[in-house]
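Put together the whole structure using the sequences plus the hints.
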Amino acid sequence: MAAKGALKIAENDNVATVLEDAAAGTEVPVRFGRETTPVKALEAIPFGFKIALAAISRGSKVVKYGEPIGIASKDIRQGEMVHVHNIEGARGRGDLARGGVK
Amino acid sequence: MNFLGYVRPDGSAGIRNYVLVIPGGFLAAKICDIVEGTRSILTADSGSGRTSRDRETIARTLIGLGRNPNVASVIVHNLNTGIGYPELKPERIAGEIARSGKQVELIDAAEEGGNFGALEKGVQLAREMTYEASKLRREPCDLSLLSVGVKCGHSDTTSGIAGNPVVGNLFDRIVAGGGTAFFGETTEIIGAEQFLAKRAINKGVAQRILEAATEIETIAKSTGEDIRTVNPVPSNIAGGISSLEEKSLGAIHKSGSAPIQGVLKYGERPPGKGLYFVDNWMSMASIFAGYAASGAQLVMFQLGGGGVRGENLLYPTTAVVAPLMWTTANPKTLAMASTAVDFYSGTVIEGTETIEEAGERLLQTVLDIASGTVTRVENIRHVNPTQIYLRDPCF
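One line per chain: the protein sequences are A and B, in this order. Residues are numbered in this note's numbering as their position in the first sequence, beginning at 1, plus a constant of 1442. Residues are numbered in this note's numbering as their position in the second sequence, beginning at 1, plus a constant of 757.
What the hints contain is simulated information worked out from the structure, not anything from laboratory work. Predicted model, so just to flag it, every value in this text is computed and none were measured. Some clues are possibly wrong.
Output of the computed footprint for chain B on chain A, the stretches with three or more beta carbons under 8 Å from beta carbons of chain B [as the list claims (entries may be wrong)]:
#: 1; stretch: 1451-1463
#: 2; stretch: 1469-1477
#: 3; stretch: 1487-1497
#: 4; stretch: 1505-1516
#: 5; stretch: 1523-1529
Just so you know, even glycine gets a beta-carbon here, dropped at the ideal spot from N, CA and C.
Below, the structure is given as structure tokens:
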């Protein structure tokens, strides 16, 4: 039952979901259909969290499912974990202002 | 791509073969206790003190359940419809169901000497009608005659990356085969409504999708609570979901990639085949009966389940005449509820199947169920009450 590597959902996604805890420095095999591309994890990324497949500059879109899931709030390097510390939802910004997600 | 179904006079095909007794209440419940092969709806939503919009929703639900292809014939009685609202008159409900060509029998308690006279009449009618229904034989039916409705719930990391996309792939296959698929849960498209609107067949449908999301968001705000302060919830974030968009986009992937033909009201029958968005409420007490009234012969619950303990949530159906099947992509959920889950798509996460391969396997499972294999919870004799999705205050 061991989950393997990370899963990319859509062609233009710039993040993939990690499916086994990845230690810093390990090569994570990122699967998309039957293709697999290794991406080196720059930090520890646990099951269910996202890894950047390419550099994402501050202010540009983070794409999963082929659609933007938010905006990078700081420069993200390939292999970094992508989560609430470096991405902000573009919807519901009132909630963010209240600190509901941070 | 075929399944074995019961062909009805209107050309539709049942995957089950019931006699329906409506509306719910004393008479229907007692008839169903006594006669095998019958179904009724258990609900407190009688229509009394409700607006015309809500009364019409109740009528649409009852009529839709009666017209569902899984129903061979229908008994309509007047015990709960005696209040006098025109929408709910038994003659009206029976008449609209009869347009499908099915046998529909009316019982008037006043003409049968009251409740117990009506009960005797109803039992004898139901016995005769289930006997006649039993003479029907399944025959090969094209996939285009299948309609399926889905809800996702207790979503976790596995839902957005495997469970929902595999259901979405099934939906694409059903739609490509000329069939019909329903998805909904309006609150849970907020943040992904633009993405859905892009898939509408025309501007009018796109506009209706956006309006549905705006309406529910406006109502939510009018309560004084901002819905977005609770979504994504802390456990979603702890599970790796970073934004409301990510959660909603994961949820809507259960709809696949087909064009959206229209937006339906709760229990509304679609004007044609293909993929439809239903403006409904996510509760399983409500959503499945609505899908069945829209014509779905089978309903699906795509379960994340990371936060669910034991089998407590794996109830049998509230879809009245449509069996309920459970799917999950979470290996822990599968282990917890192995006697209730019909389909496992965690293979996509484990790397042993692609979404397409799992979708093809899910279609085969659905066709087996459509052909008569019972779902894992279908053989549990239990009826949960149905909450018909009423939108207005009561007076």
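Status of each hint after checking the structure:
| no. | hint | verdict |
| --- | --- | --- |
| 1 | 1451-1463 | holds (count 3) |
| 2 | 1469-1477 | holds (count 3) |
| 3 | 1487-1497 | holds (count 5) |
| 4 | 1505-1516 | holds (count 6) |
| 5 | 1523-1529 | holds (count 4) |
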